[in-house]
Amino acid sequence: MHEQSSERLLDLLYWMMLTRGVDDRCEALFKQGKFPGGIFAQTGHEAISVGSSILLEEGDAIAPMHRDLGAYLVRGMSPGRIFAQAMGRVGAPSGGRDLNTHGLGDISLRIFGYVSHLPQSMGIALGAAYSFLYRGEDRVAMTYFGDGASSEGGCHEALNLAAVLNAPVIFILENNRYAYSTPLEKQCRIENLAIRAEGYGIPGVTIDGTDIIAVMDTTKEAVERARGGGGPSLIECKNLRMKGHAIHDPADYVPAELLEHWEERDPVEQFRRQLEAAGTLDEESLQSIKARIEREIEEAVEWAESSPLPDPGTLEEDVFA
Amino acid sequence: MHEQSSERLLDLLYWMMLTRGVDDRCEALFKQGKFPGGIFAQTGHEAISVGSSILLEEGDAIAPMHRDLGAYLVRGMSPGRIFAQAMGRVGAPSGGRDLNTHGLGDISLRIFGYVSHLPQSMGIALGAAYSFLYRGEDRVAMTYFGDGASSEGGCHEALNLAAVLNAPVIFILENNRYAYSTPLEKQCRIENLAIRAEGYGIPGVTIDGTDIIAVMDTTKEAVERARGGGGPSLIECKNLRMKGHAIHDPADYVPAELLEHWEERDPVEQFRRQLEAAGTLDEESLQSIKARIEREIEEAVEWAESSPLPDPGTLEEDVFA
Amino acid sequence: MGREQPPAGSWNPRRGCFRLMPQLNYLESINQALHQEMELDDSVFVLGEDVGEFGGAFKATAGLWDKFGERRVLDTPMCEWAFIGLANGAAMMGLKPVVEIQFADFISTGFDPIVQYAATTHYRWGAKVPIVIRAPWGGGSCAGPFHSQCKEAWFTHCPGLKVVIPSTPYDAKGLLLSAIRDPNPVIFFEPKHLYRRGKSEVPEEPYTVPIGEAEIRRPGSDLSIITWGAMVQEALEAAETLSAEGAQCEVIDLRTLVPLDRQLILDSVRRTSRVLIVHEAVRTGGFGAEVAALLAEEAFDSLDAPPARLTAPDTPVPYSPPLEKAFRPDAEKIVLRARELLAY
Amino acid sequence: MGREQPPAGSWNPRRGCFRLMPQLNYLESINQALHQEMELDDSVFVLGEDVGEFGGAFKATAGLWDKFGERRVLDTPMCEWAFIGLANGAAMMGLKPVVEIQFADFISTGFDPIVQYAATTHYRWGAKVPIVIRAPWGGGSCAGPFHSQCKEAWFTHCPGLKVVIPSTPYDAKGLLLSAIRDPNPVIFFEPKHLYRRGKSEVPEEPYTVPIGEAEIRRPGSDLSIITWGAMVQEALEAAETLSAEGAQCEVIDLRTLVPLDRQLILDSVRRTSRVLIVHEAVRTGGFGAEVAALLAEEAFDSLDAPPARLTAPDTPVPYSPPLEKAFRPDAEKIVLRARELLAY
Ligand SMILES: Cc1ncc(C[n+]2csc(CCOP(=O)(O)OP(=O)(O)O)c2C)c(N)n1
Ligand SMILES: Cc1ncc(C[n+]2csc(CCOP(=O)(O)OP(=O)(O)O)c2C)c(N)n1
Ligand SMILES: [Mg+2]
Ligand SMILES: [Mg+2]
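Residue numbers (numbering that gives the first Met the number 0), protein chains in the order written: chain L, 0 to 320; chain Y, 0 to 320; chain C, 0 to 343; chain E, 0 to 343.
Keep in mind that a hint or two might mislead.
What the hints assert, rightly or not - Pulled from the structure, derived: some chain E residues nowhere near chain L, Cβ distances all over 10 Å:
(1) P112
(2) N183
(3) E203
(4) S220
(5) L235
(6) E244
(7) R338
To be verified - So the derived label-pair ranges between C-beta atoms look like this:
(8) Y:G32 - E:T240: 40 to 50 Å
(9) C:D266 - Y:G135: 20 to 30 Å
(10) C:D41 - Y:E56: 39 to 49 Å
(11) E:D300 - C:G211: 30 to 40 Å
(12) Y:D23 - E:R261: 25 to 35 Å
(13) Y:L308 - E:E239: 45 to 55 Å
(14) Y:L308 - C:Q262: 30 to 40 Å
(15) C:D266 - Y:D310: 26 to 36 Å
(16) Y:D251 - E:G245: 51 to 61 Å
(17) Y:L108 - C:Q247: 57 to 67 Å
(18) L:L108 - C:Q262: 56 to 66 Å
(19) E:R261 - L:G312: 51 to 61 Å
(20) L:H260 - Y:G135: 36 to 46 Å
As the list claims (entries may be wrong) - Far from chain C, some chain L residues (derived; all Cβ distances over 10 Å):
(21) D281
(22) E301
(23) E315
(24) A320
Read the hints as simulated data drawn from the structure, not as lab findings.
A quick note: this is a predicted structure, and the numbers were derived from the prediction, not measured.
Backbone N, C-alpha and C define an ideal beta-carbon position, used for all residues, glycine too.
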């Protein structure tokens, strides 16, 4: 934390609060019946998605998953387009063809939209990383997957192939202890999944995923290593999915004590308190961030709602390039 | 070695020599044009396939792969049926529908025929192991996969799921340093694949796969652990594939020094020398084993050749049970 | 009206009286079938993601975990390849695994154990692989490209697999029991659009509906509408509309795609001389092509109009309501196409 | 005789003279196409198992590694899912990956990255995924159930994928170059039975054969035989035999299944009034069903006989020679079925 300028720190807080704000607004809009399909809650994931993606530079690539709203925002996907996606509007990245964070891609931003079949994005990010090696570019690719996805075969293949190719790709494992209703104990027999990195001959670490500074410090090291030709890294960020799997899920299978334990570790609140304690954040700047976010979200929702629903006549367009 | 009776030791030698004998005869039959399809050489794998499968008891299950001729033999698949399979005859386990070791299954022997898509057998063996848990039976399942197959996603899924279920299954990794033409160095960034066991929370060891006593000792421990409710194990046996990937492949991509290094470690010769040195094997018993094997193989080839080719009229039978 | 149709009430042999049957929705019927078969047969177990205490993403396995415990109601990590592989192995050892794929779309992630292993094993070396793969299937609820797919045609092209898609609560139970008792691998797609849409009578007792028999849902002499899954309801609605216009459509619910009830559809088309095949899957290479090709080849001389298909167009399943509506066949579209055929 | 047919020799503009073209077999033609395109376009690279120094299981990539190095000729571990995923990612970054699947049968192991990711991405959010998946495909060499499969129908049912199956050395090169230059994902099946069966003229220069155009290999007025892959040769042989009997068969090589050259096949069938569709894949749900259904629907009034299919039966591909012979369509079987149709 000491290393960051206070401007940078307030910027981080802004992105985390924006993520929280967009997420909350999505929930509200869903409840108002504005979204034809469901959405995935982001609460508890803000430090991971913001703290890692913020380290990328222009030209780097990112393949986020369904709890990385923060990463989409940080990498330049505007809130308006995100709302429009959930509303199924023309102004969305998918023009109404895909929903919520699915297919929320924009090649000009080097953000790769994902498919449901987890963890496809690991292979995609590896491919982007390979293109950097191929062209001798000084770039990195970053991707995300959950504890659930870590049990899929593709996860193993991608980690191993990345290691063999020494590709500049950073794999961020969001271990939020649940895959839908299935707790970590039913998914694996170990506590820290990052120890698997050793089996690929690459660096792997486990950190507190609610602490944005820890996320940043660790990711920074990995990004620098990758840019310097040091190959891939696995970073396991531990947290808890603070709401249901998706909006329909009350998640009453999560024990109350577990929730309580992690509620105290709310990434946004935690960081705000830290900044306040360090004197970096005062009430005034907090209010100005809040106001900015409120305004941005308001405008974004308006923009999204003004975007038309797609014309059924376009249904069969764009299947092929 | 000290723990085994000399009868048992000679029995082991018999199985290894039988494996070598059937394999050599297959090569000869192929060259005589008796096999419509190709075959996989077994040289260098005899200690692994014999030394592990010999520890199974009646009722245990096995899902071998394409270099486990020894395991098929030990578990009761007669040489005649094996030759018949390669010849495409009715007397084969597949009745001419599948080739070489593919589909060389017999449910009454609890031998599961494999499919090409590696490493399917790992899931199959896990299922057999689950049936033992399910019924509270004191049985184990054993399966095999190569260094090549270790990079496939299924390998990861099966190991992890076996660990989570604490299933009585023994995974034997035959690390013969090649997947077809691809050397180990291009497949992974580590030297001993068994270290991956730690990432599943199960025991994993790496041993010399040319030393049948080492294979037996290690497998015995794993089998006992599994029977005692201790769950799965991963055993990596290191060796070299001493011939081409399949009969058509001259394998000139394998460096001569590497071959020389391992030629001295021929599992059959090595064990024979050991038994001779220990005074367990004399010339007379060696000759009698050889004679027995020669006779068995001769009879088996005759039996296979006397088995008819399938009637085309049966083509559409048995698609469904 | 057709075989296998349940009577409006049933004779209860134990009580010696005639009673009305309970009304269940599709999901309740599936759930009841699982409860009953697991009680009857110790070797039946279910497995998949979140099927245990949680009862499955759609609650199809609700209550099983409490009753049968985690040995028989197995929550798996996310690993379709391994848990279907496990099911194959367990099935060959004499168990009867019923796998749930959380959404049918994810069946492609566990493809090899189904299309390579389960489909071919009996033919290759004689082992039976009696697995059932259940999966909530199809669209109609704005769930987008990856929670709406109808890929039955991938499986109908794999000899050795049976493919079953029931369209009513009654058939859901009866066919699921048949599937579990079948010695072969069965792909069992459940149109999730129907899960909670309406209840109908489902006998309390276990019963089977034979795999391989289609059902005439509505008799008619002017046009055969052949369909399956959620499209059966749409076809019936369309038939109602057309009936008011004086055209009597026969609506056939295939129920089983493999093995296909060739005789029933050939008989129907030979009677009506006109056929419209309707499915939710995309057009090119959908199973409708197989049905059309079969009828064209075997009922050629009986046809007075070209065998026609009404399907989704060749695109991924779009999310936004106007697009999904345009994508998905429905009663209205069926009426329009049927009118053309009737006028041919 | 049809479009795209190479002349017997070619005018060499550089030399200003007419010369005979080199004779290449199918495999050499593929290999030459890869060499040339990699020279022309820095963004083209090949990847897969054993494609590097070894040159691939069939030697299709021979010489590339020496010339272009391991960055552009990438040997992968066994991990179809990851290396196709890698290809998708690299393609979206502007590279042009050409993936080799060692045998087409193993394409099911890397299924998701193809059918879920590559097929849908452009429709969903506009990114182009210009990958080519090459795979030695089909039977005829006693290679058994897992080295002989013809599963093109899995892919023709996935909107967003193009599916190409050339049957001659000339087309192999021209279509591979088109596939690599196409901005879409292309599944490119190579009938391995033809790899070393005969040479024919292949221009030295790079050239393209357009994706989406079928080819009339032999004109005829009595029966259209529509086929692809290794069956084209069988159909031509059959046509020769039938010609001696006085029946002129038109043999159409589809070459591309998606997009399908609807016009050419409709025109042909409208002329001949009779059609036989032949393929190596198993019958139920094969792409032949789509062709038959299309013709039945759109050329109904022109047909004088039922649109017929001659295919492999619904079984896994058997190994033993008498079984494989019975399984696989061939010239003899085509003649028998064609005679029936001609007599209809
Ligand atoms: C291959 C595959 N199988 C099943 C699903 C259904 N599914 C969607 S999200 C999910 C849980 C994911 O858990 P995790 O990877 O831990 O991510 P989280 O939702 O916890 O952030 C499941 C089972 C899927 N998307 N992909
Ligand atoms: C999924 C899959 N991809 C490709 C192949 C083709 N193939 C057959 S054996 C083999 C190499 C296997 O290597 P390994 O697992 O080390 O076993 P080994 O042959 O060395 O004993 C390959 C690539 C296959 N069988 N399965
Ligand atoms: Mg999770
Ligand atoms: Mg190997």
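Outcome of the hint check:
1. P112: 6 Å, violated
2. N183: Label violated. Min Cβ-Cβ 5 Å, cutoff 10 Å.
3. E203: Per Cβ check, E203 of chain E is outside 10 Å of chain L; nearest 29 Å; holds.
4. S220: The claim stands: S220 of chain E keeps its Cβ more than 10 Å from every Cβ of chain L (closest is about 35 Å).
5. L235: Check passes; 32 Å lies beyond 10 Å.
6. E244: With a cut-off of 10 Å, E244 of chain E remains clear of chain L, as the shortest Cβ separation is near 43 Å.
7. R338: Label holds. Min Cβ-Cβ 41 Å, cutoff 10 Å.
8. Y:G32 - E:T240: 40 to 50 Å: 30 Å, violated
9. C:D266 - Y:G135: 20 to 30 Å: 52 Å, violated
10. C:D41 - Y:E56: 39 to 49 Å: 24 Å, violated
11. E:D300 - C:G211: 30 to 40 Å: Holds - the Cβ-Cβ distance for D300 of chain E and G211 of chain C, about 34 Å, lies within 30 to 40 Å.
12. Y:D23 - E:R261: 25 to 35 Å: About 57 Å separates the Cβ atoms of D23 of chain Y and R261 of chain E, which means 25 to 35 Å is violated.
13. Y:L308 - E:E239: 45 to 55 Å: 30 Å, violated
14. Y:L308 - C:Q262: 30 to 40 Å: 35 Å, holds
15. C:D266 - Y:D310: 26 to 36 Å: 34 Å, holds
16. Y:D251 - E:G245: 51 to 61 Å: For D251 of chain Y and G245 of chain E the Cβ distance comes to about 55 Å; the hint holds.
17. Y:L108 - C:Q247: 57 to 67 Å: Taking Cβ atoms as reference, L108 of chain Y and Q247 of chain C lie about 59 Å apart, which means the hint holds.
18. L:L108 - C:Q262: 56 to 66 Å: Since the Cβ atoms of L108 of chain L and Q262 of chain C sit about 58 Å apart, the hinted range of 56 to 66 Å holds.
19. E:R261 - L:G312: 51 to 61 Å: 22 Å, violated
20. L:H260 - Y:G135: 36 to 46 Å: 37 Å, holds
21. D281: Label holds. Min Cβ-Cβ 44 Å, cutoff 10 Å.
22. E301: 19 Å, holds
23. E315: Incorrect as stated: the minimum Cβ-Cβ distance to chain C is 5 Å, not above 10 Å.
24. A320: At roughly 14 Å from the nearest Cβ of chain C, A320 of chain L sits farther out than 10 Å, so the non-interface label holds.
In summary, the numbered hints that this structure violates are 1, 2, 8, 9, 10, 12, 13, 19 and 23.
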